[in-house]
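Protein chains in written order, with my numbering: chain A, 61 to 429; chain B, 103 to 387.
Any given hint might turn out to be false.
Claimed, not checked - Once the Cα atoms are required to be at most 25 Å apart in a straight line, the calculated DMTMM-like pairs of lysine to aspartate or glutamate come out as: (1) Lys-365/B - Asp-121/A; (2) Lys-329/B - Asp-306/A; (3) Lys-365/B - Asp-119/A; (4) Lys-329/B - Asp-121/A; (5) Lys-365/B - Asp-336/A; (6) Lys-329/B - Glu-188/B; (7) Lys-365/B - Glu-329/A; (8) Lys-329/B - Glu-197/A; (9) Lys-329/B - Glu-409/A; (10) Lys-329/B - Asp-104/A.
These aren't lab readings, by the way, just hints derived from the structure by calculation. Just so we're clear, the structure is a prediction, and the values are computed from it rather than from any experiment.
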Amino acid sequence: MTGADAALLGFARALRAAGVDASTERVHAFLAAVDVLRPELRADVYWAGRLTLCGQRDDLDRYDRVFAAFFHGTGETPRRPVTVPRTPRPRLVARDAEGQARARDVQDAPPVPSLASSSEVLRHRDIAELSGPERAEVRRLLAALALRGQVRRSARRRPARRGEVDPHRTVRELLRRGGEPARLLRYARTEHPRRVVLLVDVSGSMAPYADALLRFAHAAVRGARTEVFTIGTRLTRVTRELSHRDPDLAMAAVASAVPDWRGGTRLGELLGAFLDRWGQRGMARGAIVVVLSDGWERGDPELLAEQMRRLHRLAHRVIWANPLKARPGYAPLAAGMAAALPSVDAFVEGHSLSALERLAAAVRGADDA
Amino acid sequence: MRARLEATGYLLDEGLAVACFLALRLHRPLFCEGDAGVGKTALASAFAEALDAPLIRLQCHEGIDASQALYDWDFPRQLLHLRAAEAAGVTDAARLEGELYDRRFLVARPLLRALETQPSVLLVDEIDRADDEFEAFLLELLSEFSVTIPELGTLRAEVPPVVVLTSNRTREVHDALKRRCLYHWFDHPDFARELAIVRRRLPGVSARLAEQVTALVQALRTHDLLKPPGVAETIDWAEALHALGADEVDAELAVTTLGSVLKYREDAERARGLDFAAVLATRGA
Numbered sequence: 061m062t063g064a065d066a067a068l069l070g071f072a073r074a075l076r077a078a079g080v081d082a083s084t085e086r087v088h089a090f091l092a093a094v095d096v097l098r099p100e101l102r103a104d105v106y107w108a109g110r111l112t113l114c115g116q117r118d119d120l121d122r123y124d125r126v127f128a129a130f131f132h133g134t135g136e137t138p139r140r141p142v143t144v145p146r147t148p149r150p151r152l153v154a155r156d157a158e159g160q161a162r163a164r165d166v167q168d169a170p171p172v173p174s175l176a177s178s179s180e181v182l183r184h185r186d187i188a189e190l191s192g193p194e195r196a197e198v199r200r201l202l203a204a205l206a207l208r209g210q211v212r213r214s215a216r217r218r219p220a221r222r223g224e225v226d227p228h229r230t231v232r233e234l235l236r237r238g239g240e241p242a243r244l245l246r247y248a249r250t251e252h253p254r255r256v257v258l259l260v261d262v263s264g265s266m267a268p269y270a271d272a273l274l275r276f277a278h279a280a281v282r283g284a285r286t287e288v289f290t291i292g293t294r295l296t297r298v299t300r301e302l303s304h305r306d307p308d309l310a311m312a313a314v315a316s317a318v319p320d321w322r323g324g325t326r327l328g329e330l331l332g333a334f335l336d337r338w339g340q341r342g343m344a345r346g347a348i349v350v351v352l353s354d355g356w357e358r359g360d361p362e363l364l365a366e367q368m369r370r371l372h373r374l375a376h377r378v379i380w381a382n383p384l385k386a387r388p389g390y391a392p393l394a395a396g397m398a399a400a401l402p403s404v405d406a407f408v409e410g411h412s413l414s415a416l417e418r419l420a421a422a423v424r425g426a427d428d429a
Numbered sequence: 103m104r105a106r107l108e109a110t111g112y113l114l115d116e117g118l119a120v121a122c123f124l125a126l127r128l129h130r131p132l133f134c135e136g137d138a139g140v141g142k143t144a145l146a147s148a149f150a151e152a153l154d155a156p157l158i159r160l161q162c163h164e165g166i167d168a169s170q171a172l173y174d175w176d177f178p179r180q181l182l183h184l185r186a187a188e189a190a191g192v193t194d195a196a197r198l199e200g201e202l203y204d205r206r207f208l209v210a211r212p213l214l215r216a217l218e219t220q221p222s223v224l225l226v227d228e229i230d231r232a233d234d235e236f237e238a239f240l241l242e243l244l245s246e247f248s249v250t251i252p253e254l255g256t257l258r259a260e261v262p263p264v265v266v267l268t269s270n271r272t273r274e275v276h277d278a279l280k281r282r283c284l285y286h287w288f289d290h291p292d293f294a295r296e297l298a299i300v301r302r303r304l305p306g307v308s309a310r311l312a313e314q315v316t317a318l319v320q321a322l323r324t325h326d327l328l329k330p331p332g333v334a335e336t337i338d339w340a341e342a343l344h345a346l347g348a349d350e351v352d353a354e355l356a357v358t359t360l361g362s363v364l365k366y367r368e369d370a371e372r373a374r375g376l377d378f379a380a381v382l383a384t385r386g387a
């Protein structure tokens with residue numbers, strides 16, 4: 061019995077190594093479940109584990125893989141716990157981008173010496189052209205940035221001075237005074253910030269900005285009700301990875317979760333994937349959706365236009381932040397950008413700290429953004 | 103267990119059968135996720151029928167709170183009682199107080215009703231629509247199967263109800279809640295099982311029609327639609343065609359009744375371009 065339990069525990073450990081969040085409580089439930097089933101049957105062990113150890117759809121694939129590796133051929137007792145090969149961690153894109161930026165700095169030396177650049181000057185500089193120490197300073201400032209969605213009235217009510225009469229509290233007060241008419245107590249609807257969904261482009265053309273934008277996203281995730289996805293050649297949900305408190309740890313987690321750094325962009329297709337899997341079910345409904353991208357579309361611009369129209373019908377507001385918009389002489393001529401613009405409520409820059417602050421203001425619903 | 107559930111007309115695959123068995127044996131809530139119309143809610147009704155227990159349903163929505171989900175005091179009746187007591191000249195304040203917060207003035211909402219009714223099946227539908235506060239509140243209830251009412255004390259269910267939670271994944275439900283549940287992901291069924299479900303649900307429909315409709319829906323699902331049709335839509339479609347008096351379906355009839363399966367204009371347009379006749383030909387042979 062203990063031998064079998066040890067095998068099951070080893071299996072749980074292998075699952076954890078593969079990234080399934082099999083906590084102690086879940087493992088406990090797993091053992092209890094196997095106990096009431098027939099542990100000698102592979103299918104029973106499979107379903108017991110799948111039902112108790114997995115917590116979301118993404119876990120199921122990993123579960124199947126680990127289960128096959130762990131119990132393959134050997135029946136119910138594996139000889140040794142299979143160590144799941146860890147995917148080698150991609151290097152932080154921040155470092156790469158920095159190296160690139162530094163190389164550029166050497167070529168056309170910036171007129172402002174990096175030591176003298178106060179945070180005020182720094183705020184307006186293009187992130188792609190910053191040197192190492194400046195970049196660190198911008199990161200520090202970025203971490204303090206807050207992102208809050210525009211508010212809307214919710215169905216929840218809260219005691220208030222003015223508003224409709226709250227029958228529950230009024231009558232309770234009345235009963236407390238033995239039926240003597242008491243003053244009327246009132247309540248009002250509360251206001252909730254809308255959900256904010258950030259879609260961050262991490263393709264090659266956005267590489268100089270990706271790190272700063274993801275740090276911006278990290279600061280945003282600390283406020284509740286924010287979801288972050290990266291788009292490149294694939295769509296990856298990184299909200300969970302970004303929930304680490306420490307920005308550097310969060311960036312490392314994102315770096316290992318996103319498989320498609322610096323690839324091409326298939327904006328239309330991935331936007332469609334986002335809407336199919338999350339957006340239409342409710343994540344985009346009534347939300348503020350921010351696309352952080354330069355609009356270079358490798359795929360069919362018509363598809364992007366169609367998906368943007370779909371997004372616009374679902375979301376409360378669609379904001380597009382394009383770092384290239386600040387470049388002198390920029391016109392939204394990239395096929396993707398031109399196709400998307402008709403469905404965008406606000407088209408803002410996103411190249412510098414102050415531009416990101418303006419973006420945050422646009423998300424909050426300030427009109428002058 | 104499986105046999106009893108299937109006797110109610112709800113067909114399960116192996117995983118779901120194990121899930122139901124474990125939910126009953128371990129008294130754990132069953133957390134169901136999957137596309138709309140794959141039978142998440144129907145599972146709870148089947149459960150209720152199989153156990154011969156009442157189904158108590160709580161539809162979640164934003165802003166739902168304890169007074170809508172758990173219990174509430176019947177204030178008008180309390181006031182009436184107070185007035186009546188006054189008229190009768192009752193002056194003992196302590197006794198009056200005790201009477202006012204008596205069980206008979208308590209209005210049981212679905213969750214409390216589920217704890218008090220034994221046995222019962224509690225369906226917490228679309229938990230993802232409720233907000234975080236409500237989730238935290240549900241957490242306590244589902245782990246202890248008890249509830250504390252300040253004026254009355256703690257009520258505990260002797261036999262915990264069977265709990266089925268469903269979610270459409272509009273929002274990731276908090277881990278703390280999921281951890282206490284068994285997690286089951288509902289996939290679209292394969293052809294044979296879907297056909298069996300349609301036959302079971304609609305005994306009046308001809309075998310050929312059921313087969314054709316199932317084949318068409320299975321074909322539709324492989325195309326990139328905004329909202330792939332679920333089993334519920336398959337049943338609707340077969341029922342609609344049956345209501346039109348059809349014993350079999352041809353491409354033309356399929357297109358005209360497409361509205362019962364596809365609910366988006368874009369989907370309907372895309373589907374119109376498909377070759378229904380070809381799908382029917384491969385099945386009809």
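ask   = Is the Cα-Cα distance between Lys-365/B and Asp-121/A 25 Å or less?
value = Roughly 30 Å between the alpha carbons, so the hint for Lys-365/B and Asp-121/A is violated.
task = Would you check the hint for Lys-365/B and Asp-119/A, treating anything up to 25 Å between C-alpha atoms as holding?
result = Distance of about 31 Å is beyond 25 Å: violated.
task = Take a quick look at whether Lys-329/B and Asp-306/A sit within 25 Å of each other, Cα to Cα.
result = violated (39 Å)
25 Å limit on alpha-carbon distance, applied to hinted pair Lys-329/B and Asp-104/A = violated (33 Å)
task = For the pair supplied as a hint, Lys-365/B and Asp-336/A, confirm whether the alpha-carbon distance does not exceed 25 Å.
result = holds (15 Å)
request  = Would you mind confirming whether the straight-line C-alpha gap from Lys-329/B to Glu-197/A stays at or under 25 Å?
outcome  = violated (46 Å)
Pair hint outcome, Lys-329/B versus Glu-409/A [Cα-Cα no greater than 25 Å] = Given that 25 Å is the threshold and the Cα spacing comes to 34 Å, the pair is violated.
message = Hinted pair, alpha-carbon criterion (25 Å max): Lys-329/B, Glu-188/B. Please report holds or violated.
response = Roughly 62 Å separates the two Cα atoms, so the pair is violated.
query = Is the hinted pair Lys-365/B and Glu-329/A satisfied, with a Cα-Cα distance of at most 25 Å?
reply = holds (22 Å)
task = Mind checking the alpha carbons of Lys-329/B and Asp-121/A for me, to see if they're no more than 25 Å apart?
result = holds (23 Å)
The structure does not agree with the numbered hints 1, 2, 3, 6, 8, 9, 10 stated previously, though it agrees with the rest.
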